[in-house]
Amino acid sequence: MRVLACIKRVPITGGRIVLAEDARAINTQHLAFTMSPHEECGVEEAARLIEAHKGDSVVLTLGPPEATEQLRDAMALGIDRAIHLQTDGQEWDGEATAAALTDAIRADEAASGRFDIIFLGNESADSGGFQVGARVAYALGRPLVTGLKKVTLDGSSVRCEQEVEGGRDVYVVPLPAVLTVKEGLNLPRYPSVPGRMRARSKPVAVSTPARPAPHLELVRLAVPAGQGRRAESLGAGAAAAPAVVEMLQKAGVV
Amino acid sequence: MTVLVLMDESDASRQALTLARKFGEPRSMRMDALGAFAPDAIAAALAEAASELNVAAVFGAGTDRGNEVMARLAARLGLPFAANCIAVTPGDPVTLTRLRWGGSLLEEARLHSPRPLITVAPHTIPADSGPAPVEVDVKPPAEADLVVRVVDHVSPSNGGVSLAEAKVIVSGGRGVGSKEGFAIIEDLAGLLGAAVGCSRAVTSAGWRPHSDQVGQTGTKVAPEVYIACGISGATQHMAGLKGAKRILAINSDPQAPLMLNADYTVTGDLKEIVPAISAEIRKRR
Ligand SMILES: Cc1cc2nc3c(=O)[nH]c(=O)nc-3n(C[C@@H](O)[C@H](O)[C@H](O)COP(=O)(O)OP(=O)(O)OC[C@H]3O[C@@H](n4cnc5c(N)ncnc54)[C@H](O)[C@@H]3O)c2cc1C
Ligand SMILES: Cc1cc2nc3c(=O)[nH]c(=O)nc-3n(C[C@H](O)[C@H](O)[C@H](O)COP(=O)(O)OP(=O)(O)OC[C@H]3O[C@@H](n4cnc5c(N)ncnc54)[C@H](O)[C@@H]3O)c2cc1C
Numbered sequence: 001m002r003v004l005a006c007i008k009r010v011p012i013t014g015g016r017i018v019l020a021e022d023a024r025a026i027n028t029q030h031l032a033f034t035m036s037p038h039e040e041c042g043v044e045e046a047a048r049l050i051e052a053h054k055g056d057s058v059v060l061t062l063g064p065p066e067a068t069e070q071l072r073d074a075m076a077l078g079i080d081r082a083i084h085l086q087t088d089g090q091e092w093d094g095e096a097t098a099a100a101l102t103d104a105i106r107a108d109e110a111a112s113g114r115f116d117i118i119f120l121g122n123e124s125a126d127s128g129g130f131q132v133g134a135r136v137a138y139a140l141g142r143p144l145v146t147g148l149k150k151v152t153l154d155g156s157s158v159r160c161e162q163e164v165e166g167g168r169d170v171y172v173v174p175l176p177a178v179l180t181v182k183e184g185l186n187l188p189r190y191p192s193v194p195g196r197m198r199a200r201s202k203p204v205a206v207s208t209p210a211r212p213a214p215h216l217e218l219v220r221l222a223v224p225a226g227q228g229r230r231a232e233s234l235g236a237g238a239a240a241a242p243a244v245v246e247m248l249q250k251a252g253v254v
Numbered sequence: 001m002t003v004l005v006l007m008d009e010s011d012a013s014r015q016a017l018t019l020a021r022k023f024g025e026p027r028s029m030r031m032d033a034l035g036a037f038a039p040d041a042i043a044a045a046l047a048e049a050a051s052e053l054n055v056a057a058v059f060g061a062g063t064d065r066g067n068e069v070m071a072r073l074a075a076r077l078g079l080p081f082a083a084n085c086i087a088v089t090p091g092d093p094v095t096l097t098r099l100r101w102g103g104s105l106l107e108e109a110r111l112h113s114p115r116p117l118i119t120v121a122p123h124t125i126p127a128d129s130g131p132a133p134v135e136v137d138v139k140p141p142a143e144a145d146l147v148v149r150v151v152d153h154v155s156p157s158n159g160g161v162s163l164a165e166a167k168v169i170v171s172g173g174r175g176v177g178s179k180e181g182f183a184i185i186e187d188l189a190g191l192l193g194a195a196v197g198c199s200r201a202v203t204s205a206g207w208r209p210h211s212d213q214v215g216q217t218g219t220k221v222a223p224e225v226y227i228a229c230g231i232s233g234a235t236q237h238m239a240g241l242k243g244a245k246r247i248l249a250i251n252s253d254p255q256a257p258l259m260l261n262a263d264y265t266v267t268g269d270l271k272e273i274v275p276a277i278s279a280e281i282r283k284r285r
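Protein sequence lines, in the order shown, are assigned to chains L and C. Counting in the numbering used here, the first sequence runs from 1 upward without gaps. Counting in the numbering used here, the second sequence runs from 1 upward without gaps.
Chain L on its own, in the form it takes in the complex:
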């Protein structure tokens, strides 16, 4: 079988988000980058499916040259090869992102055959547009199930569990399908040293699509005002226990 995972490079922002001077991006000068936890679970699931059923697993990103780092991370988890749609670092809106991904998927399928499953995150960690998966699925004319916490292959269909209030809703859809997933789908492995070594020599196909004008156009970013909490110290060490219990009593929970 053939499985694809779509990932996006995002900064690890730590305890405080600092904006760039023009307030149109996060200041990432001192930050490390990652793929979203949701997407990491998609990558892990793709790797497991191919380990179990044999075939071809591919990771796809639209992002700056540095996003090679995240593609290598995905290949260290077991993905066979990567497709990198390189941008000049400018951001693309959800429609443009999905169109570029769809073009790349069509081209790869024309050369190597249909993907049985395409995994995306339910929403990206940074922009959170909640839409790329739906746009890719509609463009390809394939069923889409979103927000999945469990995926079980059953012959030519897939059983999907979606987290909802008070449990999980179940869907069964035929393959090929597009599935968006959430963290908790699985526990991604920690990449081994040999896995990292192998990832270095796995193939990355690079192309540079042209960026269309955005329909959802970012003007500026802002850090929301703090919640106005002024921390009151209840003391230090075990000696603070009585003060803590009094606070809990006042809050009506003891």
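To be clear, the hints were calculated from the coordinates, so they are not data collected in a lab. Note that the coordinates shown come from a computational prediction; the quantities given were computed from them, not determined experimentally. Here a beta-carbon is modelled for each residue, glycine too, at the ideal position from N, C-alpha and C. Be aware that one or more of the hints could be misleading.
[What the hints assert, rightly or not] Per the computed footprint, the stretches of chain C lying under chain L, defined by three or more beta-carbons under 8 Å from a beta-carbon of chain L, are:
no., stretch
1, 51-61
2, 128-136
3, 144-156
4, 172-185
5, 241-253
6, 256-265
7, 276-284
[To be verified] Calculated cross-link-like contacts (lysine-lysine; reagent style DSSO-like; alpha-carbon spacing at most 30 Å):
no., chain 1, residue 1, chain 2, residue 2
8, L, Lys149, C, Lys242
9, C, Lys271, C, Lys283
10, L, Lys250, C, Lys271
11, C, Lys179, L, Lys150
12, C, Lys242, L, Lys150
13, C, Lys245, C, Lys167
14, C, Lys271, C, Lys179
15, C, Lys220, L, Lys250
Keeping the supplied structure of chain L fixed, place chain C with the ligands upon it in accordance with the hints.
Positioned in the frame of chain L, the structure of chain C with the ligands alone reads:
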């Protein structure tokens, strides 16, 4: 002008109605208008109603379901979609403010679209208390739009206090040190009738299941009291705490972001402090 609003029982859909009224006279479609949830069928019905009524915009709640259906509608119509907005001003373009990073960042944007598709982030603006809008008629769905539909429901097996609804949460981070280290967290949670939560560092290490994780990619919580033990307070963790009434941080580092964003702090080693709190509660019983 008419505006279409996708509604369910949630407060968020009445918040969507608040913003929708700026665009015209609202009409509504219920999320369960077709019975069992079939998101493509609802999206198709919305598309049809939107064009029949020539609506100025379509609004929905920024819930999982609301965002999902609106994304499908956007894909179907080939129109842009702005998820999780907290403010919108009609015009061409529409100007809006939306949440990023699970609410840790605000984005001002311009939406260029003949028919804006917008969801409104939960818990951000007042819910509409005006008269309920008139519902639009929904025709039976096409077979192709029923391929994706809910066919079954499974309930969680763990029976414990649910994180999303817990009144008190005792949460542990990397500072707890190990899977076994959570015994003192569980003991305190037991005494308080609390749910146990944790940070992503903990779930990644395999000490706790992901269902315990609080934050942007975990559960968003709203307890009376959130007790964070050995958690540094990364923005992605804090994104899950926006609804917490009181936060108590226990940390050996007084400069940890969570210590600076809490209501109450205790500085020191959680391995001493947490058992001392449990002992104090037992003593007073
Ligand atoms: C400085 C700056 C300017 C920006 N300007 C704009 C703008 O003008 N208009 C705008 O709409 N957005 C803008 N963005 C955000 C934009 O890049 C979004 O990330 C993009 O629209 C993709 O949509 P999303 O992240 O909301 O995707 P979602 O729909 O939330 O993502 C769902 C899933 O789709 C997949 N996916 C998303 N993006 C990619 C990708 N690049 N490669 C591979 N898979 C992917 C992932 O699996 C992801 O989990 C800007 C961001 C920055 C920082
Ligand atoms: C896209 C994205 C999404 C994410 N989503 C989430 C999410 O949903 N939830 C989440 O939690 N994280 C999330 N993260 C991860 C997040 O960025 C942090 O890495 C994580 O929250 C750190 O966990 P921590 O605070 O337990 O660990 P650390 O940051 O390592 O902090 C440990 C803390 O424990 C203190 N400590 C150590 N020993 C003791 C002791 N004996 N007594 C008292 N204090 C002690 C230390 O001073 C320190 O402050 C996400 C990250 C990304 C990039």
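Practice prompt. Hint by hint, work out which the structure violates, then give me just those numbers in ascending order.
Written response: Those not satisfied are hints 1, 2, 4.
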